[in-house]
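Colleague: As a plain string of letters, each chain reads:
There are 2 protein chains.
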Amino acid sequence: MADVFKALADPTRRTILDELTDRNGQTLFEICARLSMKHNLNSSRQAISQHLDVLESAQLVQTRREGRYKYHYINTKPLEPVIERWLRPAEPEEPSDPATAREEEP
Amino acid sequence: MADVFKALADPTRRTILDELTDRNGQTLFEICARLSMKHNLNSSRQAISQHLDVLESAQLVQTRREGRYKYHYINTKPLEPVIERWLRPAEPEEPSDPATAREEEP
DNA sequence: ACGATATGCAAGCGATTGCTTGCGTGTCAA
DNA sequence: TTGACACGCAAGCAATCGCTTGCATATCGT
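These protein sequence lines are chains A and B, in that order. For the first sequence, counting from 1, position 19 maps to 286 in the working numbering; every step adds exactly one. For the second sequence, counting from 1, position 66 maps to 333 in the working numbering; every step adds exactly one.
Treat the hints with care, since some could be wrong.
If several chains are the same, the list does not tell them apart, and a pair holds so long as it fits within one copy or across any two.
[Said to hold, decoys possible] When the alpha-carbon atoms are kept at most 20 Å apart in a straight line, the in silico SDA-like pairs for lysine to any residue are as follows: (1) K305 to L346; (2) K337 to P278; (3) K305 to W353; (4) K305 to R352; (5) K273 to D320; (6) K305 to T279; (7) K273 to Q317.
Bear in mind the hints are in silico, worked out from the structure with no lab data behind them. Nothing here was measured: the structure is a model prediction, and the numbers come from that model.
Based on the sequences and whatever the hints tell you, model everything.
Modeller: What follows is the structure in structure tokens.
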């Protein structure tokens, strides 16, 4: 689970996920080209490849080999527990504005 | 928005959010003590203070001053757009298993 | 077989991160 | 006022990160 947050910490990796959301199943070169075109990100092939390795280690990207091509698919499953961890249990608590909240002294 | 992911990338900061979820509105020393007790995290006061600064910059923690005490409150609002970014738009797409999916050649 | 294509592996480098150390500031009780 | 308490600021350091560079492997078309 820690890998998921570390993977999402980099803006280039988040843009890669955006790209795979827009068009799933791209190859490495395809991702490089579209990152340069649509997102003005001129990172090298090796840089993107390493980013994809990080995303794959975090299970956020799954891959499928076919000959010399390697297709990359986004996988949003690791994101679901991220939400449940803090979003759900904290919702029915006290008001979100600290100026109006009150607690006993420590 | 980048600050949110960077803030969540550290395991100690995630544990701090867990602690604030369990008991909202704690002071710095209170957080230090409970991290040591319940989570076996023996970080120094300054280390935790810097972590809280990061969380506050990311708007994940709001603070309220009262005399020499500073109370910390979790704020889950920055987490909501995180979900919508990839979870929602990618759901009605093709099968998540890359072995069965298919795309045209690049 | 040969070259072109698509990707993998690994060492090295500057920048950033998380933490420590030491001192400073403001607040409260006696 | 004095001392204890809660917290802030900033320099320094080892570890990690993102990226480059260079070479290697594997697959396809001709």
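Colleague: Regarding K305 and R352, is the shortest C-alpha distance of 20 Å or less found within a copy, between copies, in both, or in neither?
Modeller: between (34 Å within a copy, 17 Å between copies)
Colleague: I want to check one pair: K305 and L346. Are their C-alpha atoms no more than 20 Å apart within a copy, between two copies, both, or neither?
Modeller: neither (25 Å within a copy, 26 Å between copies)
Colleague: Using 20 Å as the alpha-carbon threshold, which applies to K305 and W353: within, between, both, or neither?
Modeller: Between copies, since 18 Å is at most 20 Å while 34 Å is not.
Colleague: Is the C-alpha distance from K305 to T279 at most 20 Å within one copy, between copies, in both cases, or in neither?
Modeller: Within. Shortest intra-copy distance 13 Å satisfies the 20 Å Cα cut-off; inter-copy 36 Å does not.
Colleague: Check K273 against D320 for me: Cα-Cα at most 20 Å, and say if that holds within a copy, between copies, both or neither.
Modeller: This pair counts as both: shortest intra-copy Cα distance 12 Å, inter-copy 19 Å.
Colleague: Quick one: K273 to Q317, C-alpha cut-off 20 Å, is that within a copy, between copies, both, or neither?
Modeller: both (14 Å within a copy, 19 Å between copies)
Colleague: Indicate which option fits the pair K337, P278 if close means a Cα-Cα distance not exceeding 20 Å: within, between, both or neither.
Modeller: neither (23 Å within a copy, 32 Å between copies)
Checked against the numbered hints above, the structure breaks hints 1 and 2 and satisfies the rest.
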